[in-house]
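Please put together the full structure from these sequences, using the hints given.
Heads up: the protein sequence lines correspond to chains E and P, in order.
The first sequence lines up with residues 11 to 142 when you count with our numbering.
The second sequence lines up with residues 11 to 142 when you count with our numbering.
Hints were generated in silico from the structure; no laboratory data involved.
All clues stand as given, with none of them false.
Intra- or inter-copy, both count: the list cannot distinguish identical chains.
Each computed DSSO-like pair below joins lysine-lysine, with the alpha-carbon atoms no more than 30 angstroms apart:
1. Lys138 with Lys63
2. Lys88 with Lys138
3. Lys88 with Lys63
There are 2 protein chains.
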Amino acid sequence: MSLSIPDVTVAEPAFHSSECPKVSQVLSRIGDKWSVLVIMILSRGTRRFSDLKRDIGGVSQRMLTMCLRGLERDGLVKRTVYPVVPPRVEYELTAMGQSLCEPVLALGNWALDHIAEINTAQMAYDSKDDAD
Amino acid sequence: MSLSIPDVTVAEPAFHSSECPKVSQVLSRIGDKWSVLVIMILSRGTRRFSDLKRDIGGVSQRMLTMCLRGLERDGLVKRTVYPVVPPRVEYELTAMGQSLCEPVLALGNWALDHIAEINTAQMAYDSKDDAD
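This is the structure:
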């Protein structure tokens with residue numbers, strides 16, 4: 011089962027619409043911005059909670075905790091608690107989490123490459139609204 | 011400026027943390043599940059609103075309208091209104107939207123390939139919680 015790169019001259023759908031609920035079920039978890047950023051950072055190796063919070067910037071303690079629990083529940087991130095005082099908690103990608111790195115980094119790269127173009131489009135859109 | 015596929019033995023970061031706010035700014039828009047599904051469907055060609063709503067399934071009129079406006083504002087989708095009665099409105103990807111297809115389809119394919127493994131991980135996580 012695979013989604014193909016589109017060929018608009020071909021009548022076959024790039025994917026079956028019946029797959030939408032399943033795809034959206036997964037994308038709703040991996041598609042949120044904090045998850046993508048956490049995966050990008052953990053792709054470099056094991057990190058503590060405080061490392062992740064500092065590197066991401068602008069994420070609340072609560073949001074990052076929820077994000078990490080969701081990723082752990084999905085089997086993408088492994089959480090290890092070391093029985094020291096105070097407890098040391100480390101996060102790392104599982105094998106499945108590692109396999110997600112390539113498409114996530116591709117999307118992240120696309121985002122970096124197109125920030126300026128998107129900003130220009132938004133300004134054009136917003137000024138058009140003003141003129142109406 | 012580019013994010014690289016990670017090499018955990020190398021000390022250099024896969025991306026600079028200073029880029030996080032910019033990346034998350036873009037990902038917060040393209041990373042939501044409806045946007046991804048709309049882009050996947052429009053990768054096949056022009057669609058009307060009702061086509062999109064039917065193919066996606068489970069999306070409200072309001073959510074799809076907001077999603078399409080956001081994509082239009084970002085310069086990813088072009089909206090064309092034909093002056094007929096009733097007005098016909100069609101949506102298609104712009105050149106920038108087309109360039110987003112490849113990373114989005116890669117992510118969609120990953121999602122399709124790993125749905126079962128994620129479901130298994132979730133059941134294991136949830137049953138562990140019950141035992142605690």
